[in-house]
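Q: The residues making up each chain are set out below.
2 protein chains.
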Amino acid sequence: MNIGTASEKSGLPAKTIRYYEDIGLLRPDRAGNGYRDYSMSDVHRLRFLQRSRSLGFSVEECRQLLSLYGDKERESADVKAIAEIKLVEIDRKLAELTELRNTLRHLVHNCHGDDRPDCPIIDGLSGKATQ
Amino acid sequence: MNIGTASEKSGLPAKTIRYYEDIGLLRPDRAGNGYRDYSMSDVHRLRFLQRSRSLGFSVEECRQLLSLYGDKERESADVKAIAEIKLVEIDRKLAELTELRNTLRHLVHNCHGDDRPDCPIIDGLSGKATQ
DNA sequence: ATAAGGCTTCCAGTAACTGGAAACTCAAGG
DNA sequence: CCTTGAGTTTCCAGTTACTGGAAGCCTTAT
Chain A
1 MNIGTASEKS GLPAKTIRYY EDIGLLRPDR AGNGYRDYSM SDVHRLRFLQ RSRSLGFSVE
61 ECRQLLSLYG DKERESADVK AIAEIKLVEI DRKLAELTEL RNTLRHLVHN CHGDDRPDCP
121 IIDGLSGKAT Q
Chain B
1 MNIGTASEKS GLPAKTIRYY EDIGLLRPDR AGNGYRDYSM SDVHRLRFLQ RSRSLGFSVE
61 ECRQLLSLYG DKERESADVK AIAEIKLVEI DRKLAELTEL RNTLRHLVHN CHGDDRPDCP
121 IIDGLSGKAT Q
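So the sequences go chain by chain: A and B.
Numbering follows UniProt numbering, with no gaps: position 88 of the first sequence is 88.
Numbering follows UniProt numbering, with no gaps: position 122 of the second sequence is 122.
Keep in mind the hints are simulated off the structure, nothing from the lab.
Beta carbons are placed, not taken as given, at the ideal position from N, Cα and C, and that holds for glycine.
Mixed in with the good hints, there may be bad ones.
[Stated by the list, open to error] The following label-pair restraints were derived from C-beta to C-beta distances: (1) B:D29 with A:R18: 44 to 54 Å; (2) B:I85 with A:R47: 16 to 26 Å; (3) B:I23 with A:V88: 24 to 34 Å; (4) B:R63 with A:N33: 39 to 49 Å; (5) A:H109 with B:S67: 38 to 48 Å; (6) B:A31 with A:Y19: 16 to 26 Å; (7) B:N33 with A:R27: 47 to 57 Å.
[What the hints assert, rightly or not] Okay, the calculated bits of chain B under chain A, using three or more residues with CB under 8 Å as the criterion: (8) 43-53; (9) 81-91; (10) 95-107.
Please take these sequences and the hints and turn them into a complete structure.
A: Below you can see the structure in the form of structure tokens.
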């Protein structure tokens with residue numbers, strides 16, 4: 001499939017997809033006319049990249065994560081070690097994200113939604129209490 | 001407190017803290033000697049920025065999120081509306097992160113951890129199945 | 001008094017895109 | 001068949017969000 005379709009399916013702009021190829025994150029085939037030709041496997045890599053980038057992993061971390069799935073040469077012990085390190089990071093992110101959500105949810109539920117600017121959360125988070 | 005202490009407490013490099021001031025994300029006091037003087041409230045903003053940036057929110061999104069807590073002038077209806085939009089985003093991120101974790105966890109538990117490179121997950125995620 | 005370490009500003013460099021120009025390819029309409 | 005418009009190519013320049021380094025001031029410890 002062409003880059004436009006891969007872009008739709010992955011949620012990444014075509015520009016970004018070409019950039020990822022430049023830095024060696026994937027290597028799609030080329031059709032006879034010179035157009036890039038993406039397989040479903042490429043699209044999966046791209047979706048994975050879209051997701052992990054949007055979750056705050058650096059490109060290099062994404063490269064490492066991708067290698068967990070893609071690199072058949074890598075030894076299982078390696079895969080397991082790297083995956084375990086990343087798991088810790090992911091769990092930390094999950095905890096932070098959950099906390100952020102709870103705060104916002106509390107904000108939504110406790111605010112009047114009218115004109116009065118006296119949300120109960122605001123003071124707590126602005127640091128008043130702890131100062 | 002000085003920028004070094006604020007850096008320790010927030011987990012952000014001093015460089016980044018100055019940069020955030022440049023782009024108007026906080027406005028610490030200045031001591032008599034010209035040094036920046038951070039309050040606990042500043043540190044909370046910084047910790048909030050550290051967290052939300054590491055979770056994949058752009059600086060502009062962080063600015064918007066910060067305004068939910070900080071801007072006493074903003075009307076409650078506004079706060080509620082913005083918070084609800086961000087909640088949807090956060091829930092999506094949570095779902096994606098959970099999925100990523102489950103995949104990695106499965107990888108860790110099902111791999112032998114020895115030399116044999118035959119993790120059961122690898123094929124599924126590399127796109128073989130769906131191709 | 002001097003040395004070390006932290007702070008200041010400023011300017012340049014990096015990471016990860018993003019936009020735009022000029023040219024080629026392809027599918028559809030006249 | 002020709003054209004027109006949309007999609008693709010490469011290349012080069014610009015943007016965002018930092019990050020590193022130089023040069024100089026401030027502070028504390030010997």
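Q: List, from low to high, the hint numbers that the structure doesn't satisfy.
A: Violated: hints 5, 6.
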